[in-house]
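Sequences and hints are given; from them, build the entire structure.
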Amino acid sequence: MSIKDKAASGSERLQGRIRIPTPLRYLINSCLIAGLWFALSGMAAGGIINNYWKGILITVGINIILATSLNISVGYLGQLPLGHAGFMAVGAYASAIYMKSTPAAALIKAGDRGAVLPYLITAVLISAAVAGLFGLLIGIPALRLKGDYLAIITLGFGEIIRVTITNIDSVLGFKFTYGAAGLARIPKFTTLGNCFALVVISLTLIHMLMKSRFGRAILAVRDNEIAAESVGVDTTYYKTLAFVFSAMLAGVAGCLYAGYLGSLYPSTFKFMKSIEILVMVVLGGMGSMLGSVVSATVLTVLPEMLRAFSDYRMVAYSLLLVVMMIFRPTGLMGSYDFSMSRLLEKLLNAVFRRGAAADGEAYTEEGGR
Amino acid sequence: MADRQHGKLYPLPSQNMVLERDLGKMPVLECRRLGINFGGLAAVSEFDLGIGPTEITGLIGPNGAGKTTVFNLLTKVYEPTTGSILLNGKDTAKMSTIELNKAGIARTFQNIRLFKNMSVEDNVKVAMDHSIHCGLGTALFRLPRYWKEESDAHERAMDLLGIFGLQGMANAKAGSLPYGAQRRLEIVRALATNPSLLLLDEPAAGMNPAETSELMEVISHIRDEFQIAILLIEHDMNLVMGICDGIAVLNFGRIIAKGTPEDIQNNPAVIEAYLGRKKEAKS
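Chains as they are written, first to last, in the numbering used here: chain A, 1 to 369; chain B, 1001 to 1283.
No lab work stands behind these hints: they were computed from the structure.
Certain hints may be false.
What the hints assert, rightly or not - Here chain B is said to cover these stretches of chain A; the calculated rule only asks that three of the stretch's residues, wherever they fall, bring their Cβ under 8 angstroms from a Cβ of chain B:
no., stretch
1, 211-219
2, 231-244
Claimed, not checked - Computed from the model, here is a short list of chain B residues facing chain A with C-beta under 10 angstroms:
no., residue
3, T1075
4, V1077
5, Y1078
6, E1079
7, A1093
8, K1094
9, S1096
10, L1100
11, A1127
12, K1148
13, E1150
14, A1192
Ideal Cβ positions, reconstructed from N, Cα and C, are used throughout, including at glycine.
The structure is reproduced here in structure tokens:
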């Protein structure tokens, strides 16, 4: 078969498939998100979700942001940072200190949630910026090296942050972090609504990043760094970019966490917290956003359901991990990512069966998201 | 292929040879006394080679002669111990692998290095990274410029995949392709970076004779269509003798012969390197 014949048969195979145009894909996804929100807020208003469950849902949201953001570094970039809790702490303290300086607490007490919104947005941006800055400071030296240096450096960073916060309670006479005693009376600005919104925004941003030229380059660095360099991909730049992006979202999660609990203690952000987040990513499947979301949800809700056995939580955790690694070493979802529009496309193609040649199908189904 | 007319070769001022049609043009690559030592071992030494802007050059030699090391020197995977490399007349001494790629060198690898978990199309698009300019904000918020650049990239990727008839597999995972297709995809990916010099490390390895002859056709086609120079390492002598304008033979890190395929076939030093010396000559 000559080159031209091959080219022609290739494009014919592609034309047989029904494709949902991109604007429609976005519309479908927006509708699904809106639907989910109406269901949630409806249930909250109708009293099906009580305050206890609202709290759990907010924690689920925070953990989803933490897990998916760590997944950028671990799953997509292929590095192993062990200090995610450090970035969360930085973001949490930054936003808490800012919020305490605003009249947000009085506004919340007065029930004027709308007026808190500008402060909330500023707080989120501040925590993202501060966490991102720390990510940059650590990422630039660590990511220029090849190998596992990042794991060790971030491990150290997480501990440094925690120890620093524990031991420094004031800077130049201004009380900032209150050290080991904890930072209390933070305005409780986190609600189910803004938590949901930030989860959606975070997931969307991650999706948009990974489906652009930046995401392609990040995945290329993971798959083969030497080859990526040989085709002109600036590996250090993209590694730092992904790492900083991941740190920023961890900061946002920290911000939500501060606003949810109303008080912060440095002991929350111990090494175990970083490991907990890492477990969520590994359990869900490295490189799968859906996996991170599912396992963050399961690993938050399950301990709540099993309150009676809370003493055995860490035992169950490690057992679960061992079992997972034996039976599903790639995690719950592997690197599979769910796409509603792709599912619809599959259905449409199955129903109408237009020209999907048998040999063509095997090649086209396996592709990316 | 066999009755192909080979052009006469002329010496360059640097004592390198260049094709008649490339005379008077700036050579795309000029290596001057290039060398690298690993410990005490001179893996490559006094390597001189000039490649004209549209020349297909073969780099051959017995196993372990240092052919791939030359590629790694040209792409700065290794830093040369001695000598200099000029790319389009510019000294590359201070350039990194990434900068060299931007300056016009693209390569394939002897042991295939694809982005295995990415789709075939994305493999090619990654290589277009520095011809897509949209910033982070444009990409994150999906501004119109993003869509335009993405659809341009898609079209270009499909055109390039069309050279080898790979469009039908555009959505498949690169790692799931058959071996031959993976080799071809690596060439496509290298081409996507818009090189002026393409380095192919054993492009025909593991291919059957039919595939090899198709590959020969495609390599010539790439040269004619993109007007680029190609330097290839290959053990398949039919391919090398069939499509190369000039051939350099490497043995123990040194060039032992340079010239047209006819010159090389009759060169006693080459015959000796490949087949050994006759018994009578030894005594």
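So, going through the hints one by one against the coordinates:
1. Only residues whose C-beta sits within less than 8 angstroms of a C-beta in chain B count toward coverage, and the stretch 211-219 of chain A has 6 of them, enough to reach three; the restraint holds.
2. Three residues within the 8 angstroms Cβ limit are the bar, and the stretch 231-244 of chain A against chain B gives 6, so the coverage statement holds.
3. For the restraint placing T1075/B at the interface with chain A, the shortest Cβ-Cβ distance is roughly 6 angstroms, inside the 10 angstroms limit, so the hint holds.
4. About 7 angstroms separates the beta-carbon of V1077/B from the nearest beta-carbon of chain A, less than 10 angstroms, and the hint is met.
5. At about 12 angstroms, the closest approach between the beta carbon of Y1078/B and any beta carbon in chain A exceeds 10 angstroms, and the interface hint on this residue is violated.
6. Evaluation of the E1079/B hint against chain A yields a violated restraint, the C-beta minimum of about 14 angstroms exceeding 10 angstroms.
7. The interface hint given for A1093/B is violated, since its Cβ lies 18 angstroms from the closest Cβ of chain A, which is over the 10 angstroms cut-off.
8. With its C-beta approaching chain A no nearer than about 16 angstroms, K1094/B sits outside the 10 angstroms limit, and its interface hint is violated.
9. With a least beta-carbon distance of about 8 angstroms to chain A, the hint placing S1096/B at the interface is held under the 10 angstroms criterion.
10. For L1100/B, the interface hint holds, the least distance from its beta-carbon to any beta-carbon of chain A being 9 angstroms, beneath 10 angstroms.
11. Checking A1127/B against chain A: minimum C-beta separation of about 4 angstroms stays under 10 angstroms; hint holds.
12. Contact between K1148/B and chain A, as hinted, is not supported at the beta carbon level, the nearest pair being about 13 angstroms apart and thus beyond 10 angstroms.
13. For E1150/B, the interface hint holds, since its Cβ comes within 10 angstroms of a Cβ in chain A; the closest pair sits about 8 angstroms apart.
14. Given the 10 angstroms rule on beta carbons, the hint for A1192/B holds: about 7 angstroms separates it from the nearest Cβ of chain A.
Consistency note: the structure conflicts with the earlier hints numbered 5, 6, 7, 8 and 12.
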